[in-house]
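As they're listed, the protein sequences go chains P and F.
For the first sequence, the positions run 0 to 394 when numbering that gives the first Met the number 0 is used.
For the second sequence, the positions run 0 to 471 when numbering that gives the first Met the number 0 is used.
Among the clues, some could well be false.
To be verified - Between beta-carbon pairs, the in silico distance windows are:
| id | chain 1 | residue 1 | chain 2 | residue 2 | range |
| --- | --- | --- | --- | --- | --- |
| 1 | P | Y116 | F | I58 | 30 to 38 angstroms |
| 2 | F | F391 | P | L104 | 39 to 47 angstroms |
| 3 | P | F109 | F | V384 | 56 to 64 angstroms |
| 4 | P | Y116 | F | D33 | 32 to 40 angstroms |
| 5 | F | T11 | P | E241 | 38 to 46 angstroms |
| 6 | F | K68 | P | V123 | 52 to 60 angstroms |
Derived from the structure by calculation, the hints contain no laboratory data.
Even glycine gets a Cβ: it sits at the ideal position worked out from N, Cα and C.
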Amino acid sequence: MTHTITELQGKYWSVYYWFEFVNIFAAMCLEFLGMLDTARGGTFDDAVKIFRMMPCNGYTVLSLIKSFNMVRYRPVYENLIDEIGGMWPDGAVGEEEHKIISSALKQINFVVKGYYYCNHYLLVSFLCPPFFQRIKGLLGREWEMMLHFFYWLPFNPNQPVYFEILLTIQTWHAIIVIWLNMSGDLLFCLFLSHITTQLDLLSVRIKKLVLVSVDRQLPDHFPLGMLSKDTERLSAEQEIKEQQQELAEIVKRHHALIRLSKDVEDMYSFSLLVNFLNSSIFICFCGFCSVVVEKWNETAYKSFLVTTLSQIWFLCWYGQKLLDSSEGVSDALYKCGWYNASKKVKTSILIMLHRSQKGVSVTTFGFSVISLASYSKIMKTAWSYFTLLLNIYNK
Amino acid sequence: MMTKVKTQGLVTDLMPCIRLLQAAGHFLFNYHADTSGMNMLLRKIYSSAHAVLIVVHYICMGINMAQYKDEVNELTANTITVLFFAHSIIKLAFFAFNSKSFYRTLAVWNQSNSHPLFTESDARYHQISLSKMRRLLYFICGMTVFSVISWVTLTFFGESVRMIASKETNETLTEPAPRLPLKAWYPFKTMSGGGYVFAFIYQIYFLLFSMALANLLDVIFCSWLIFACEQLQHLKAIMKPLMELSAALDTYRPNTAELFRVSSTDKTEKVPDAVDMDIRGIYSTQQDFGMTLRGAGGKLQNFNAENNPNGLTAKQEMLARSAIKYWVERHKHVVRLVASIGDTYGTALLFHMLVSTITLTLLAYQATKINGINVYAFSTIGYLVYTLGQVFHFCIFGNRLIEESSSVMEAAYSCQWYDGSEEAKTFVQIVCQQCQKAMTISGAKFFNVSLDLFASVLGAVVTYFMVLIQLK
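Chain F with its partners taken away, still in its complex shape (with noise of 0.2 angstroms):
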């Protein structure tokens, strides 16, 4: 029986999706609660076995690649899908050779600060960005299972030809080809009997695999960014409260009479010692500071009358100060969490699009060769469609990253900081300066995540067709 292995953080929140990565055979071999040598050896077989098998696959398929290389149309296919699943191939060496970066950026949440003021917005955002985050692993794995199950279905639909060009008579023969999902070389007869059977299940194995092992990937990046822009939504969420906490120190008018009367305050009341900050203890109930957090447009004073109004704001200051320093320390938690996460997968995204620029360039080309609803037409669109829905994927968690980062400034502005302290106007000063810069994910430093990235991906393959299509 295997017990449960004591997480926190964000290994917690993504545990479903990192249980997949091991299943799907990347070498991730942390977060097990059995760490015992046997087992471990066991994990790390299944790994490499799954890393064996796609691997000799690729190869297989390049070799394809390689004997048909004359002919310019099995050439250009070949090469897409070649280009196709090098993605899988990169990803998989990528997280082998950065595993630590990417287990210490699973790290960076671990313990996170608290205010008990805040605990129940902290609450309520986490719980939003794990539904979004299942959401997002539900919806990835279903279409990688679609595109999976369509692509086998469309191997029985037209003829399982190779178009050969004829060398004498100048037209294109068709050379009869093995109804197999991929073009592949195996050192067996495929064409019928039991090789045939054992290739197919044999590329079925490989679609799933390849494909599950490059999506699940995203998959965790974007889950992070989630997790960032919720964070993000906490804090703009917090913003008022902190300001109306603030407003009501200054906007204080003591009665002078009062100000000369000797303090009758109990001398029980628990004066805040400076140094130590444990807070929880300082006040009791909603009234001990006199307003309301949550209401509309909050009340800026409303003192009981019988508490000493001296001794409230040394406490009300106290408090206004912790919750600023909350603030700024859980803002500067997330820019390490986005720091970090732009460390570990930049390199990735930069060999992505790579990747894909190629693949689309040649995607633009064969598009031009579609001449009618056909299994050609299909498996073309299928390609295009699923090539920009990946660079869509991370493109819009990275552009959401942006918005969320630079909306915190106009958060800090359209609060009531005209009616707070003066620390808290340059605190709103410090912070609007700031977050003017959005926080955001570079691809190595040679690029932006953003969608002005996908749609300058797409512009190109639109202008590359069209120039295509003029030629012809």
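In isolation and in its complexed conformation, chain P is listed as follows (with noise of 0.2 angstroms):
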């Protein structure tokens, strides 16, 4: 996105992109035909096929419904990463945001690894069994013929050259599928990590704007006190006039930055949505299969399992660092020295203290807020499926 390409070029990354699109939702729909035809059986080894084949066909929704906000509103997106980048700081920063913006840069640079690594490692632990097999049988050993997805196909897929094929076209729809996703989890985590950056630079910014004097009410020990007493202090009407002009371009940067996360918001909700709920009932079914399916050895739906617990673990963390962050704006303006300032700065303090108070956040589709919170009110309902599970499984 941010390097400039020809149209050209741009027409057929559109073309690549529609052409994947339309692979992607072939595999859902034959996936979906391959569950219903599964279902038909009503055993229950068809009843854990179907759990090892939602996974697959969520997250294939998932990447579509990712990928397609991005394509359909591309300049959002670019407005978004040249107008939060035009909001850093130039030159030299106090002690205080230079902290701010090394901790908050090491922690995103972190989580974009690990998550690239991580889902990476999935997808080559989950890819490599066919292709093992394959290598057995070109070996001359006995050999399973496995594919990734049970997709339902008119023919018999089992056929040496379709069974090539079919694994090569699989391979590539997982790898396209994961890479989606992915990309998707990183914009929201990064988007997000820059606007709470922003959010706490700018409390950093409010808390410095009215200068007190130090004495018995104010010790030079307090907060404030250790602001103001180093500090020069200008002429009275130069003060104020000062003050005002901070306060405007404050209100301005807080506008902006509200106005970014609802983008953000509008961009991701209905996706977050679907993953939220595709993430509780996998979570259930993953932990029945894990518990009863599986022996304790083997790795497939835990490690699955882990997956689906930290995706939502970093959506919420970062929807939780949204939310405190833009609550911490009212908790910088009630920090700053506003009882000494002029009544039209207490004004203006005061109407963003109604504003900050309400705190921003993202939310699924205007169901629930992202947060921790609601991270564990997930957990709780996926445990109780899950108990309830194996109570019927138990009879």
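Assemble the dimeric complex from its two separately framed chains, guided by the hints.
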């Protein structure tokens, strides 16, 4: 996105994307039909087979939704990147700002790298077995014909040439789906991380807005006292004028950040809803399978469970950070020396206080707010469905 | 002779609790007068010895649990006991890893601001919080000792046996077990003789110290909350005099002739320097600002005829401004304290709730098997009451903090703001807006500590119990 490409190249990329889209859509339908087919069987083994197929299907749907938004609303994404990029401070910053920026960047780097490598590890470990089997066959040993996914096909896939072609196509599908999902999630986390950092920097700016003299009511080891004691004071009228100007800048920046968060929410809320619904179902089914179906030393379902849990964790963690930072603006407004400011500044601060107390959050299409509290709710719901399933199975 | 260590702020108030924590074996090495290398080493050895003894006994209990894991009844009972004492191990480790955070919170109130008008109220509420903290400490210590005594007493009732299900006949047999408070595996024989006495004494030590470890840390947390609540009470109490002080400014209707008269004040009257706010020197008597602060309703203006009203107004304005400054900075200090408490103890609360939820679920299951007034009933009900009591302990103080911090808004509204100056009105506006959001302690952002949490936990236990009774 950030590098300039010619229009023709842009067209080629679009064509490529729509080709992939059609492919994944076809894969989704085939797999869904395959699931229905298996469901007609009705035995417990068929049920387990459906449990195996459902996560894959769910991921496919998710990747379609996430990537569709990115392509359809490309200007919004570009604006997000440009505008947030433009907000970063130029030149030297104070110590507090530096701490905020460096810790946020370190965290997001760690998260992005970790998520990237974990997903690739999952991809590789998921895709390897059929290839191993094929190589075993080529070496002349006994091998098992296994495909990644159970598509419903009008022909028998276990014939020699069809099998290899289908394996390659399925591998490519799997890679695209995981990559699209990953890019969607990583962009979400990146956007929220940057908006959060900018809100924190805004809070620091607000705290420095009004200087108050140090005395027994404000000892110099209080935060505002420490700020005010060494700074040079200007004349009263100059100070008031500067405060008003600075406040106007702060409000404009606050507006921009609220608008950008709303953009992120518009882009992602539907896919987050689908993601959360999917994941709650996966967690209880994966948990059920890893307890009942798998032996304790097999890792397929367990790793899937861990991946789903950690994916939702990251989304909820960054949603919570956004909520906290936006409410941090209201704390910063109270922490500044507002009682020492002019009446105009006080009324402006009051209006800002009203707005910032509400907090800015990302929702799942209006149903619930993404935060750590909703994460624990998902866990509790999945746990109760899991125990229910276990009880039904034990009957 | 140990010299008295100089302490200030919260550390002075919480010194008995801190000393008890050090005696119980927590890794709390600050706040000693004598910090020579030898003594510090001795203290570290003391704490480590306690930690080792407690962890070793916990592992013995774990081994016992693993030994009898095939018996459902034994497994459930042993799991409940192991989870029960998991709190102590978790809190011991939590404090050891997080002690810097604890020291930081204890140091938050080392120096506070002051205002001559409000020192008496400050001292009064400080005294109230001190007495409440002491009472809480005595209560929890008493309850801990009572629990240990009743546990040991209960050991001597009933049969000291284990229920083993015989595989052939499919009925429960009883296997004799040593008459000890806790079931644990020991490498030596404990049925009788020297081994029995040693194990008994070890277990009494373990019971007392592990319960003390867990409960005292909760007492520190709740004491912090008590302090914060009493500070909020102080702020609410001084809101009224503050408004009356600023009310006098605005309702002063000058005699128009006076306005044009050259001020005949004595030149010695100290006009306050705008920057230096040391206002102690500005006024000398109550009469100076011409009103009673503590009267019912408060007289709105009562100027002495001889003093120049304009000069008084300047001083009063300074006084009102400084009072507002004191109020706001004190409130910000309380907010800082509560934020520090939440950062320090939030994760410990999260672990506590996780372990307690599992324990209570198992206890609900055990409670369905009560079939009469016997040792089993007493021990199950004892576990239930103790676990619920621990959760109730911090829920009630967390709830009080929420209530106090949101009632500041009502206190601001219920004073005579309508008579106050414009400055006072804006002050009330911003305070009301900010204090609508209550100050809460959250368990690492997953839940808020309040009576709602306790009610949901209690409700869940009762629901499980009812469902299980129906299924029987």
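Results of checking the hints against the structure:
1. Distance hint for Y116/P and I58/F: a CB-CB separation of about 37 angstroms, consistent with the stated range 30 to 38 angstroms.
2. Separated by about 43 angstroms at the C-beta atoms, F391/F and L104/P satisfy the suggested range of 39 to 47 angstroms.
3. The hinted window of 56 to 64 angstroms between F109/P and V384/F is violated, with their beta carbons roughly 45 angstroms apart.
4. Taken as a hint, the range 32 to 40 angstroms is violated for the pair Y116/P and D33/F, whose Cβ atoms sit roughly 52 angstroms apart.
5. For the pair T11/F and E241/P, the supplied restraint of 38 to 46 angstroms holds, since their beta-carbon distance comes to about 43 angstroms.
6. The given range of 52 to 60 angstroms is broken by K68/F and V123/P, whose C-beta atoms sit roughly 38 angstroms from each other.
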